[in-house]
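Here the protein sequences come in this chain order: A and B.
FYI, the numbering used here numbers position 300 of the first sequence as 299, with every residue one higher than the one before it.
FYI, the numbering used here numbers position 91 of the second sequence as 90, with every residue one higher than the one before it.
Just so you know, the hints here were simulated from the structure itself, not pulled from any lab data.
Check each hint, because a few of them may be wrong.
Put simply, identical chains are the same to the list, so a pair is met inside one copy or across any two.
[To be verified] The calculated DSS-like cross-link candidates involving lysine-lysine, where the alpha carbons are at most 27 Å apart (straight line), are:
#: 1; residue 1: Lys80; residue 2: Lys327
#: 2; residue 1: Lys352; residue 2: Lys82
#: 3; residue 1: Lys323; residue 2: Lys82
#: 4; residue 1: Lys46; residue 2: Lys82
#: 5; residue 1: Lys236; residue 2: Lys352
#: 6; residue 1: Lys323; residue 2: Lys32
#: 7; residue 1: Lys357; residue 2: Lys217
#: 8; residue 1: Lys32; residue 2: Lys317
#: 9; residue 1: Lys217; residue 2: Lys352
#: 10; residue 1: Lys317; residue 2: Lys118
#: 11; residue 1: Lys217; residue 2: Lys82
#: 12; residue 1: Lys357; residue 2: Lys327
#: 13; residue 1: Lys46; residue 2: Lys173
#: 14; residue 1: Lys180; residue 2: Lys80
2 protein chains.
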Amino acid sequence: MNIAILGFGTVGQGVYRILDERRAVLEEQSGEKIFVRKILVRDTQKKRGDFSTGLLPLTESFNDILADESIDVVFEVMSDKAKGIEYSRQLLAQSKHVISANKAAIAAAFFELQDTAEKAGVHLRFEASVAGGIPLIDPLSKIRHLNAVTGLRGIINGSTNYILSELSNERPHKEVMSEAKTLGVLEEDPTDDVEGYDARRKIAILAAIVLAQEIEGKNIPTIGITGLAEEDFLWAKSENRTLKLIASLAQDDSSYQLSVLPTALTASNPLAGVGGVKNQIQMTGDTIGSLAFYGSGGGMYPTAHALWADYLEVIGSKPAYYYKGSSKKEDLSLSREAEFYLRNPEEGLVTVKKISVKDALAFRNQGFVTIELE
Amino acid sequence: MNIAILGFGTVGQGVYRILDERRAVLEEQSGEKIFVRKILVRDTQKKRGDFSTGLLPLTESFNDILADESIDVVFEVMSDKAKGIEYSRQLLAQSKHVISANKAAIAAAFFELQDTAEKAGVHLRFEASVAGGIPLIDPLSKIRHLNAVTGLRGIINGSTNYILSELSNERPHKEVMSEAKTLGVLEEDPTDDVEGYDARRKIAILAAIVLAQEIEGKNIPTIGITGLAEEDFLWAKSENRTLKLIASLAQDDSSYQLSVLPTALTASNPLAGVGGVKNQIQMTGDTIGSLAFYGSGGGMYPTAHALWADYLEVIGSKPAYYYKGSSKKEDLSLSREAEFYLRNPEEGLVTVKKISVKDALAFRNQGFVTIELE
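Isolated chain A, as found in the complex (with noise of 0.2 Å):
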């Protein structure tokens, strides 16, 4: 078995790891030996942590990855949105399976990256992209199958879930965010995991997954964790609440609200006591009842487990795809109603009220911080 590998960052690189350190058990699964011919990066001659790079099979160029007809299964863990797409796209045309960690291009090109995989008669795996090494994709998979699934929501983002523990701790908000980086736990632009962006991919994927339609991110109600100070996290523990960013779908008949937000969640919510870098998503279904699953959001090892999981799958599964529902449901995202917390930084003043969620974003809009009460 062939493979190669898009990017040797931190996932690829655990990629690599974990090829290296259960090779007999990965190659006796498949019933042959394991190569990995290539590794695409961008400088052949930057150093990489403790890797002989002379010994890896590292090239700059795509082509000749495409090109190789030997190469079987290639895993795609850049980050980059428009080169993802455009090298999944020609992959898959190439027949080659894809197993991808890269949130932002499933996340954009949902049904038509199944399309060319199906067309193909690949799979296109892609247990990476959300929650990390908690097996979530798979089991939903079939839930999808056998439920109306109600509801899901939980913590996608184990970055910001590691600052909001931490701040929750009334540790300086500085200290936080320069030793999460300093950690490897925030990027060295964090903007995609502060801003919420990064959960709303997330939670836009499980919704292509169970809604079974087109979900533009860019349409999800969004607030990150930015404005969050001091101040709201003691208001928070005065009320025996805890500060989480939660992803939120809920769906009924003939409509669904997605959001992610900063929420403050009662002690008795089992979100609340997720701590760290972990993430934890709650499911109902019709038939299955209330699950959660809990685990490692992200990471080296954990994500690049999901990979080798999905690995196991293309080589023991027929290839099996998402496809659009024939109905398509209402985005009531905005007109949904909860209480929130708004404080106006000038004044200082709290208010808490119930509003919708579209003037929930129009304060936060005028400088107001926004939260949640859940």
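Got chain A sorted already, so can you dock chain B onto it with the hints?
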């Protein structure tokens, strides 16, 4: 696709109902119509809930099913161990896929049935045998290839968890037990649940997967919940602890430790918050880190959901089997040491001390109430 169901109690009826309710999607996934050809029951004349019995293809003859070459997949939802093993063996040998919820049969003949299935090239699946509706066996089948699973523990018997949850609310023992029977949470003969035998079978199945070696249920130190009295719950409350029946597996390179014990959990333990008939399983692997799965551990729909999830694997994936490993780990279950609460029911005296599990069992055999502290 022609199927048969062995047993038509709660779970068997759930299998039938889910097919009825989700026939369109199940047939779409199968690429063909699905027919229930035969249902094995002890008495075809018995009334069965709101089913119009005349319309059900009931039979009292197992050979009717075994000899029917048109039957591809058999759902084995009996509870009899010996019959479960024997029927599954014969069906597998006749190249019929078997999807089982019969934990007694699977636990007792784990590798033997794998072997029979492999010889015939058919699926033997048993997601429903542990933790009902929670997707657990299927993720674990991949996780074991990618990790050294060092720990696996949790609440895997919903009936006792219901009873313990109610008793923790200071409700009278008798009332709770009779209510549990009325609600169908407990069988008429509750021995298997309350003595911990059901949990023991389930942890034995999980251990066989993780350790890749034969596990004899009777070798697993097991104490049920029958001895627990009001004063034990009051003690737990005074210590801010919650009493749960915890099944546990730990392993290192050369040995393993298994147990099923009433355990007094501290409030910070996520398992302490699992109420009612719910189950939760925690797992630790060297690659994936810590994981937890929460959901319905039993009941008609969740269990039948797990059986149909297995069906989706039968039609979508290559059969895979579990093998015994080449080396055998030592069973150190009895020598594990832990803090135990010991109450002498005659004198009412309570001691808490660190002893071996072996000694804990000896205290229990002398009539002491024996609870592990964690």
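**Q.** Violated constraints from the hint list, given by number and in increasing order
**A.** Violated hints (numbers, rising): 2, 13; every other hint is consistent with the structure.
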